[in-house]
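Asker: With the sequences and hints as input, model every part of the structure.
Protein chains: 4
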Amino acid sequence: VEPDASPLARYRAIRSTTEWLIDPLSAEDCAIQSMPDMSPAKWHLGHTTWFFETMILESTEAGFRPFDASFRVLFNSYYNTVGEQHPRPRRGMLSRPGLDRVRQYRSDVDRRMERPLRDGTLPEKALSALEVGLNHEQQHQELLLMDVKHLFSCNPLRPTYRPLEEPPATDPGDLTWSDFPGGSVAIGHEGNGFAFDNERPRHEILVQPFSLANRPVTCGEYLEFMADGGYRRPELWLSDGWEVADRHGWEAPLYWERDEDGTWSLLTLHGPRPVRGEEPVVHVSYYEADAFARWAGARLPQEAEWETAATSPPGEGHFLEGGSLHPAPVAPADDGSPVQLFGDVWEWTGSAYGPYPGYRPPEGALGEYNGKFMCNQMVMRGGAVVTPASHIRRTYRNFFYPHMRWQFGGIRLAR
Amino acid sequence: VEPDASPLARYRAIRSTTEWLIDPLSAEDCAIQSMPDMSPAKWHLGHTTWFFETMILESTEAGFRPFDASFRVLFNSYYNTVGEQHPRPRRGMLSRPGLDRVRQYRSDVDRRMERPLRDGTLPEKALSALEVGLNHEQQHQELLLMDVKHLFSCNPLRPTYRPLEEPPATDPGDLTWSDFPGGSVAIGHEGNGFAFDNERPRHEILVQPFSLANRPVTCGEYLEFMADGGYRRPELWLSDGWEVADRHGWEAPLYWERDEDGTWSLLTLHGPRPVRGEEPVVHVSYYEADAFARWAGARLPQEAEWETAATSPPGEGHFLEGGSLHPAPVAPADDGSPVQLFGDVWEWTGSAYGPYPGYRPPEGALGEYNGKFMCNQMVMRGGAVVTPASHIRRTYRNFFYPHMRWQFGGIRLAR
Amino acid sequence: VEPDASPLARYRAIRSTTEWLIDPLSAEDCAIQSMPDMSPAKWHLGHTTWFFETMILESTEAGFRPFDASFRVLFNSYYNTVGEQHPRPRRGMLSRPGLDRVRQYRSDVDRRMERPLRDGTLPEKALSALEVGLNHEQQHQELLLMDVKHLFSCNPLRPTYRPLEEPPATDPGDLTWSDFPGGSVAIGHEGNGFAFDNERPRHEILVQPFSLANRPVTCGEYLEFMADGGYRRPELWLSDGWEVADRHGWEAPLYWERDEDGTWSLLTLHGPRPVRGEEPVVHVSYYEADAFARWAGARLPQEAEWETAATSPPGEGHFLEGGSLHPAPVAPADDGSPVQLFGDVWEWTGSAYGPYPGYRPPEGALGEYNGKFMCNQMVMRGGAVVTPASHIRRTYRNFFYPHMRWQFGGIRLAR
Amino acid sequence: VEPDASPLARYRAIRSTTEWLIDPLSAEDCAIQSMPDMSPAKWHLGHTTWFFETMILESTEAGFRPFDASFRVLFNSYYNTVGEQHPRPRRGMLSRPGLDRVRQYRSDVDRRMERPLRDGTLPEKALSALEVGLNHEQQHQELLLMDVKHLFSCNPLRPTYRPLEEPPATDPGDLTWSDFPGGSVAIGHEGNGFAFDNERPRHEILVQPFSLANRPVTCGEYLEFMADGGYRRPELWLSDGWEVADRHGWEAPLYWERDEDGTWSLLTLHGPRPVRGEEPVVHVSYYEADAFARWAGARLPQEAEWETAATSPPGEGHFLEGGSLHPAPVAPADDGSPVQLFGDVWEWTGSAYGPYPGYRPPEGALGEYNGKFMCNQMVMRGGAVVTPASHIRRTYRNFFYPHMRWQFGGIRLAR
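Protein chains in written order, with our numbering: chain H, 4 to 418; chain P, 4 to 418; chain U, 4 to 418; chain G, 4 to 418.
Source of the hints: derived by calculation from the structure; they are not laboratory data. Be aware that one or more of the hints could be misleading.
[To be verified] FRET-style restraints, in silico, Cβ to Cβ:
1. PRO159(H) with GLN211(P): 46 to 56 Å
2. TRP267(H) with GLY300(G): 50 to 60 Å
3. PRO212(P) with ASP262(U): 51 to 61 Å
4. GLU134(P) with ALA230(H): 39 to 49 Å
5. ARG114(U) with GLU238(P): 29 to 39 Å
6. PRO277(U) with GLU238(P): 46 to 56 Å
7. GLY326(U) with ALA230(H): 54 to 64 Å
8. GLY361(H) with GLY232(G): 20 to 30 Å
9. GLY252(U) with TRP267(P): 38 to 48 Å
10. GLY232(G) with LEU178(H): 50 to 60 Å
Glycine included, C-beta positions come from ideal geometry on N, C-alpha and C.
Answerer: Here is the structure:
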């Protein structure tokens with residue numbers, strides 16, 4: 004998606020990407036909810052459509068009538084301002100409406116959205132909501148892939164989402180460190196182009212001098228941590244993390260499986276295969292990232308540090324558009340500067356997700372988009388291999404609970 | 004299904020009935036598990052087929068090769084003798100194999116079953132397993148309808164499984180009592196025709212004189228119980244029942260919903276509609292049946308009493324073959340004798356489900372069919388409107404946990 | 004307690020036995036609730052006193068005033084007829100009233116009870132309630148010991164309740180079988196002397212010929228079951244039992260602990276010590292008893308069988324009065340007839356606890372004593388080493404849920 | 004406790020304060036655990052003593068022998084470096100060791116501690132651990148009062164911990180605002196005197212201009228929030244907070260009870276009494292504090308803001324030494340500057356508890372004191388009415404999970 008394309012072009016491109024993501028899936032694949040945190044693909048299809056219908060058409064279309072009045076509740080995620088919601092943990096109960104009906108919903112809303120987009124008749128406020136809606140749909144593209152991966156991991160048949168010819172191996176090289184001077188720096192979004200409310204306001208913050216690793220931690224390094232008793236040594240762990248790891252019997256990242264010969268395999272959206280030492284470790288919780296960092300004599304970066312370091316053009320990482328749906332290594336930069344800050348894996352920061360000084364949520368329903376989640380979660384930065392490249396930016400703040408592992412979370416060390 | 008039809012004819016008839024039950028369902032309807040006790044329709048399709056493949060073809064087919072080796076585990080319900088099982092509460096995770104694939108499985112096994120059935124080459128032991136398999140599939144036909152009803156009840160769209168033109172009203176008349184002399188009576192299956200192991204051995208038992216109600220309790224009578232504080236008076240309840248009712252906030256049978264005007268509606272497989280005073284109450288737990296009986300100054304019958312009373316030809320009840328999928332009243336008998344002992348609702352007895360004196364489970368996998376469940380459950384008798392008429396008999400013992408309500412359970416009083 | 008002693012003498016004897024049971028305990032020992040099923044000793048002291056105050060003094064004492072109005076709720080166990088109850092799982096929250104205060108309560112009620120008992124002025128109905136109250140207090144004596152044992156088992160210091168000099172070893176001999184002819188037999192209480200409502204009415208029942216083991220299963224025999232994979236072979240277990248055993252990781256009876264050398268120790272109220280092969284196994288659930296029986300090619304007796312067999316004077320078992328609080332072997336009878344039917348361990352029967360034909364609970368609060376528990380539990384017979392000898396009789400029906408292990412439950416085989 | 008008193012004097016003063024706190028309690032009061040987050044008073048007594056024995060005597064006493072070897076595990080809270088721990092949720096199972104025995108433990112360790120303190124023979128490192136131990140015991144004094152309050156709240160008799168003559172009413176006046184300029188400020192401990200590791204290192208931070216309320220929110224103001232639907236309006240709440248409040252049915256602060264006439268009472272350690280409009284609201288969770296602030300058009304202060312504002316000498320708040328154990332109002336300052344920043348209620352900040360830049364936990368067991376809890380908790384500042392005055396300071400960082408309410412948490416608004 005070209006960022007300077009017309010709204011209509013971008014609408015079409017993003018909407019059709021979602022359809023493309025559904026292609027390999029059966030109606031059944033799209034209906035099942037494999038854990039309360041995930042949503043069925045069909046629900047993502049409906050909800051992203053609901054967003055445009057509710058946030059734009061409802062207030063701009065003459066004689067607005069919803070495609071189906073019941074969808075207002077069924078596909079409302081968490082907007083109390085809009086009204087009641089079908090309970091999140093019961094999204095998997097909805098065999099009806101069927102996938103076909105939800106696709107009709109998409110077509111219908113697309114038809115009704117395209118008209119004013121073509122005619123250029125959307126008012127300013129709706130255009131602003133459109134930007135949110137497009138970014139919102141991109142977020143759900145990533146969620147959809149996370150969720151399908153989880154669903155397939157629950158199936159002993161180990162289905163493959165999309166086959167992939169393996170890319171040639173890349174050597175990420177040894178982990179090296181880059182020094183940054185810190186000082187009073189500005190972080191947050193500058194005001195040009197789209198950004199979510201939680202990236203604002205841009206503000207000054209004091210950052211102490213720090214060093215950042217030149218690349219994410221690899222599976223090979225993580226295997227060393229495991230071999231050194233990483234999952235059995237409480238002194239490496241936050242207290243809450245130790246409790247969670249113990250309760251769930253964690254002994255490796257999510258989707259890793261020990262083979263009979265003691266080696267490890269992992270599940271990818273392209274099917275199961277052996278773990279590769281050179282690839283970035285992914286599907287670790289904050290607790291595991293933090294414990295790994297402590298074991299390595301380092302720590303996780305603060306989000307201001309990360310954003311400061313990400314000013315220089317980063318080396319190439321992999322995004323959704325690349326076709327592969329599993330993180331892969333990137334060759335090191337000649338000057339040793341950090342690469343792959345963007346793409347492949349979301350990088351856990353040591354920063355609790357909270358409001359920037361002076362933060363104000365927008366008026367209306369969109370005020371519920373980000374602000375009410377500013378507690379108990381940790382900031383992640385940089386986007387992953389399942390993130391659309393056009394969706395990510397330096398100031399982008401993603402956030403997850405520290406125990407969560409089904410997102411594509413990896414580790415960048417700081418010290 | 005004519006009981007004296009050929010095995011092949013009966014195999015075809017029963018298998019195609021299952022297919023007919025699936026007709027109104029989408030692939031998504033067949034995939035979702037709405038609670039741990041229920042199974043997706045697709046799983047029922049696969050499991051009943053697995054039964055024939057595993058219990059008959061595996062031991063009789065020359066050069067036996069399974070249709071799909073993974074199905075041996077996926078569709079094994081609880082037979083430890085056969086091997087591992089996909090965990091019951093995770094049957095709803097299986098978007099793959101898809102419905103189409105499971106139907107191929109059915110076709111393939113049908114083809115392989117029909118050959119020896121046509122040629123009459125099945126050995127005695129396999130013919131005996133065939134009888135079990137056919138009765139087993141009939142049990143799953145009923146389960147499938149119970150489960151679809153539950154799934155649809157979780158959907159705020161309140162889907163209809165099959166539309167139905169309403170039958171004309173029948174007046175069941177006032178509840179009257181029939182006296183039975185008791186004495187030393189024989190219960191259990193006589194040895195002619197098929198019966199499950201738990202119906203054997205036939206044995207003598209002393210039954211005291213008793214009276215039995217001429218028909219099941221109606222919704223009208225149950226509404227009186229509710230209006231009289233039935234759900235708020237602990238003295239009417241078993242201690243365990245009171246605890247369960249309190250924890251779940253029960254205030255009416257399952258699938259009843261209070262309308263805004265205070266009247267009650269209920270869900271049927273034909274869609275939601277108002278409760279009718281004259282129809283048998285259904286979807287009550289043992290605890291509710293027992294509390295109702297205490298409130299009415301009566302009790303539930305023992306299974307030996309029920310079986311004794313069911314010797315005389317019963318008045319017509321409704322079964323699966325009748326087309327309606329919700330219990331309906333039956334006109335009283337001229338002589339006041341009990342009617343509707345069979346059909347419409349399974350009747351809770353006051354008998355704990357246990358082995359008859361001298362009971363021995365069969366050798367091999369089929370020994371796990373009934374015997375290992377002989378604890379904590381209560382016997383139900385007579386079959387329901389979702390039971391195939393050809394499946395039920397006087398000595399038939401069904402069993403459910405006393406808190407369960409999603410089966411078609413109703414109340415017959417004794418004293 | 005002599006059964007033909009005067010009510011006053013029996014009241015005093017039973018009440019002071021309870022005091023004697025409390026002697027080794029500190030106020031703290033008496034206050035803590037170690038699981039929801041057990042009650043703190045202080046609560047037993049209060050509740051048994053509450054029983055006399057509420058069921059007798061309240062209706063017979065001129066100008067009755069309760070010792071403490073709040074105790075009516077605090078010490079009500081489950082009598083809805085009496086009124087509200089302090090929630091059972093929160094009995095351990097009550098640091099106040101303190102033990103001293105509860106003992107004052109006992110003294111006060113004793114004083115007020117003794118007067119009419121001395122004067123012989125209690126009306127018939129109160130005398131009948133007195134019998135219930137005395138038997139009730141004896142039941143709580145046993146419960147108190149069960150509960151203290153559980154509490155102490157939760158303490159890593161492994162406290163001893165009472166030290167005991169070990170009795171000399173007795174050889175119980177090999178297990179042999181006695182044949183019984185069955186036929187139409189009468190069971191239930193005859194009407195002379197005290198019995199609980201659940202032992203009535205006496206009624207005829209048909210019993211098939213059966214054999215009964217001459218003694219309870221020993222620890223040595225149970226160790227063979229364990230060594231033969233008893234806890235790892237699902238085919239030996241009821242389905243519900245297997246699920247419970249798996250969920251809790253059972254691999255031996257309750258209170259057994261594997262020592263570092265692989266041998267087993269067990270906790271007794273006299274402290275921990277090694278398991279002895281010749282002693283009766285105790286603290287097994289119904290599920291374990293049933294699995295053991297299946298492994299042994301036998302079954303558990305029905306309660307009618309047990310009661311039939313218990314007519315002949317039984318060999319000596321051990322009771323509360325004997326001083327030892329752990330089951331011990333008894334020498335076999337010369338004629339091989341069953342011994343130890345009474346005492347040492349409650350014997351699980353294969354009979355679900357239900358009402359006898361024609362059973363009616365008493366009017367009023369005492370109607371809640373037994374009847375409302377007639378579901379989901381199994382009958383146990385014969386009394387244990389913690390049961391007062393004067394409390395038990397042939398027709399006595401005890402009952403526990405099949406998963407429970409903290410009562411002194413053992414195994415008698417039948418076939 | 005005078006801060007410049009000798010170590011011995013301070014040891015004696017602090018240890019005897021703990022004894023004084025136990026005075027009103029029975030052995031039973033000291034033994035019971037009313038929820039997993041709280042500890043029995045007896046455990047506090049043992050654990051604080053264990054701290055001195057393990058952290059000081061073990062490494063300094065010639066021929067060290069523990070008072071009781073089992074206490075090393077029983078009274079270890081969470082120090083994996085020291086070894087195993089008795090599980091926290093099972094601290095209430097320990098009727099033994101009894102209270103007397105634990106007091107002997109205290110006396111014994113006191114005797115052994117006082118000798119080197121008198122002789123001045125403790126090495127530097129032990130003196131440093133002594134400081135931690137004394138502050139640690141003060142923390143447990145506050146915990147002990149929190150925990151007794153919770154225990155007594157679970158008792159329907161509503162026990163009083165200590166009677167108190169009510170102080171005369173004080174008018175806290177209307178809430179007013181003070182402006183602070185912000186800028187680059189230093190926070191954290193300067194290095195003189197004792198401070199916990201989590202208060203270090205002192206570092207510069209940019210603070211934007213802000214205003215702070217002159218006093219904590221009162222119950223009167225909180226009642227307005229409640230009357231305005233504060234507990235029923237999701238738009239006021241963080242998403243996690245709404246979920247918690249809904250699940251637990253919160254409709255007022257902890258320990259508030261609605262009287263029959265609709266007014267509110269609350270429990271204090273001096274007994275129950277009506278809520279007073281002028282007193283600071285206490286026992287609110289972070290979620291409630293945050294929702295209140297949003298309702299009031301304000302927010303909670305960041306900890307750097309709070310610490311900046313707390314430089315000027317604060318108005319008098321109430322501490323443990325004052326005798327009252329419930330927060331009370333303080334008269335406003337003449338110049339309108341903030342009062343009561345210290346004392347009465349811990350003030351929730353909007354800052355997630357994390358490490359200061361450059362934070363390093365100490366070596367050894369004491370490294371587990373604070374660092375491993377730096378996740379999922381929110382910082383509270385200023386101390387409460389149950390905090391020893393000598394324990395608190397400007398840089399002091401307390402921390403609790405956002406759902407917790409049993410600590411004395413209140414609300415100071417910022418904007």
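Asker: None of the hints should be skipped; say for each whether it holds.
Answerer: Verification of the hints:
1. Taking 46 to 56 Å as the suggested C-beta distance range, the pair PRO159(H) and GLN211(P) conforms, at roughly 54 Å.
2. Range check, TRP267(H) to GLY300(G): Cβ separation about 54 Å, and the 50 to 60 Å hint holds.
3. PRO212(P) and ASP262(U) have their C-beta atoms about 60 Å apart, which keeps the hinted 51 to 61 Å range intact.
4. Checking the proposed 39 to 49 Å range against GLU134(P) and ALA230(H) shows it is violated: the Cβ atoms sit about 58 Å from each other.
5. At roughly 33 Å, the beta carbons of ARG114(U) and GLU238(P) sit within the given window of 29 to 39 Å.
6. Checked against the hint of 46 to 56 Å, the pair PRO277(U) and GLU238(P) passes, with Cβ atoms roughly 50 Å apart.
7. Between GLY326(U) and ALA230(H) the beta carbon distance is about 58 Å. The supplied range of 54 to 64 Å therefore holds.
8. A hinted range of 20 to 30 Å holds for the C-beta pair GLY361(H) and GLY232(G), which are about 28 Å apart.
9. Restraint check, GLY252(U) to TRP267(P): a C-beta distance of roughly 46 Å satisfies the suggested window 38 to 48 Å.
10. Between GLY232(G) and LEU178(H) the C-beta distance comes to about 54 Å, which sits within the given range of 50 to 60 Å.
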